[in-house]
Amino acid sequence: MRGRRSEMLSAMLLLLPFMAAFVLFFLLPALQTLYLSLTESSLTRTSAFVGLANYDTLIHDPSFWSSLGNTFYFSLLTVIPLTALGLVMALLVDHFTKASGWLQGAFFLPYVLPISVMTLIADWMLQPSSGIVNHLLGVQRAWFSDVDWAMPVVAIATVWWTVGFNMLIFIAGLRNIPREQYEAAALDGARGFAVFRYITWPALMPVTITALVLQLIASLKVFGQTYIMTTGGPFNTTRVTLHYMYETAFTQSDAGYAAAVAMAFMFIVVALGLAQALLLRKRKGRA
Amino acid sequence: MKHTPLHWTVVAAVSALALAMLWVAPLLWALSTSLRPEYETIAPTLHLLPQRWTVEAFTKTLGAGNVPRWLFNSALVALAVTAVTMAISLMAAFAFSQLRFRGRNLLFMVSMLALLLPFEALLVPLFRTMNGLGLINTYAGIVLPQVVSPVVIYVFRQFFDAVPNDFRDAALLDGASPLRVLWSVYLPMSGNIVWAMAIVTFIAAWNNFLWPFIIVTSNDMMTIPLGLTQTYDAFGVRYAQLMAAALLGAFPVALAYIVFQRRVTQGLLAATGLKG
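Chains as they are written, first to last, in UniProt numbering: chain A, 1 to 287; chain B, 1 to 276.
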């Protein structure tokens with residue numbers, strides 16, 4: 001047998017490329033975000049340590065709170081529809097076994113499109129004068145500059161674009177339900193909706209929690225859609241937290257404050273991730 | 001489900017068909033738009049199909065402007081990200097799974113921390129790092145941060161953990177180096193999952209918008225998702241050309257998905273931890 005020392009050496013060599021990239025492009029930036037948030041810095045230069053001053057500014061900053069409000073409004077408009085529709089699509093794909101490949105393909109295809117392809121198509125369809133949507137509805141609305149409609153329209157486009165992924169999660173969940181459970185239910189005389197209510201739905205509960213939390217985290221990370229379609233407008237009603245962070249850092253070159261925004265954002269996302277882990281563990285403990 | 005009552009089947013069939021049509025309609029509309037002459041896109045009456053079919057929008061898009069260059073950049077970046085991610089993740093996962101060394105679990109846990117922290121929150125210091133390294137507007141600058149993919153390592157490690165140790169021990173006894181064992185014993189066994197993760201990585205890299213948006217400022221270095229947001233300036237409001245450019249930008253990933261549908265779904269599910 002080869003010595004332990006040589007095994008250790010091989011391990012180090014095999015790990016080196018990943019670890020180098022990990023430290024340089026993940027670990028250090030993560031620690032730097034924390035440090036930067038305690039300084040007054042421009043995009044390229046760190047000037048002064050200011051302690052918690054950026055956080056003090058943050059909690060009194062109406063622009064930050066409104067961006068957070070917009071982020072949660074977007075999440076509210078997307079999380080439930082994306083999860084519910086994902087489940088419905090999964091049930092349909094699972095039901096029509098002969099057409100499942102075609103159905104799944106149709107529902108999933110938009111998900112693989114680059115974001116700017118999605119936004120270009122949405123923009124073309126929603127053009128005030130020549131867009132097909134206004135033609136069909138017989139109106140002349142400029143959707144993206146309408147205070148009431150801008151965010152819902154971005155949300156609808158996002159649902160179309162990403163629901164395929166949630167469908168996939170639910171399909172996997174459905175396929176993991178043991179056949180015997182359905183057979184037992186059939187013997188007990190359960191049919192149609194009762195099968196769904198008493199077998200499928202409870203069995204899908206952990207998957208549903210996973211899908212909801214993954215979706216909530218994904219929705220909170222929204223940036224590209226609003227940035228490209230509305231550039232945060234009209235009147236900043238679609239400027240989300242990441243957009244605010246981006247502007248603070250890259251337009252106003254206030255990297256210290258942007259890092260504080262990033263820390264607040266990171267805190268929310270990590271808390272949600274941990275909440276999901278706890279929720280799932282609790283359910284497993286009870287089962 | 002054979003016990004479903006008839007009326008449910010009808011409701012399900014109608015909603016399946018309606019939803020599927022609704023979901024492909026925008027893509028078909030984009031395709032239909034891209035195949036007409038420009039004047040038809042602003043005509044007052046709307047026709048679902050082109051009145052005159054033409055591929056002019058495609059030839060113009062490919063013949064002028066930056067679209068070919070952006071497509072080339074995207075292909076180069078996506079292939080590089082995929083190759084590097086696969087190589088370094090396979091090596092790291094093999095070490096984490098099959099080799100014994102001090103600090104193994106701690107190192108693995110620290111790497112998995114990256115699954116929790118959102119990449120988006122690291123943009124500012126990441127930009128500063130790249131700026132310090134002089135990598136703004138370079139291919140290396142676009143590629144490098146995208147190769148850190150803890151989820152790929154996690155999936156590969158799960159896979160390697162499931163392989164019986166006898167394989168490794170026999171090969172090591174024969175005097176093979178760990179890299180040799182990884183290459184000729186483990187890799188051939190893990191073909192499916194490697195392909196699945198590679199295709200998912202390729203699609204994600206092709207579609208990545210946020211990082212190129214931060215690191216690229218010059219028109220020549222843009223990838224197609226980023227470049228497409230600039231096309232208004234280039235084309236004005238020429239919608240046939242815009243749709244042609246959009247479809248060209250989506251074509252490689254749509255093709256990858258259609259050809260490798262199984263692997264894409266397998267890879268995505270493995271990545272969410274729902275299926276090994």
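It is possible that part of the hints are untrue.
Among chain A residues calculated to face chain B with C-beta under 8 Å, some are [stated by the list, open to error]:
no.	residue
1	Val117
2	Leu126
3	Pro128
4	Val147
5	Ala184
6	Phe265
Just a sample of chain B residues kept apart from chain A, beta carbon distances all over 12 Å, derived [as the list claims (entries may be wrong)]:
no.	residue
7	Ala64
8	Arg69
9	Glu120
10	Pro188
11	Trp195
12	Ala256
13	Thr272
These are computed hints drawn from the structure, not numbers from a lab.
Ideal Cβ positions, reconstructed from N, Cα and C, are used throughout, including at glycine.
Broken hints, numbered, in rising order? Result: hints 2, 3, 4, 5, 9, 12 and 13 break, sorted rising.
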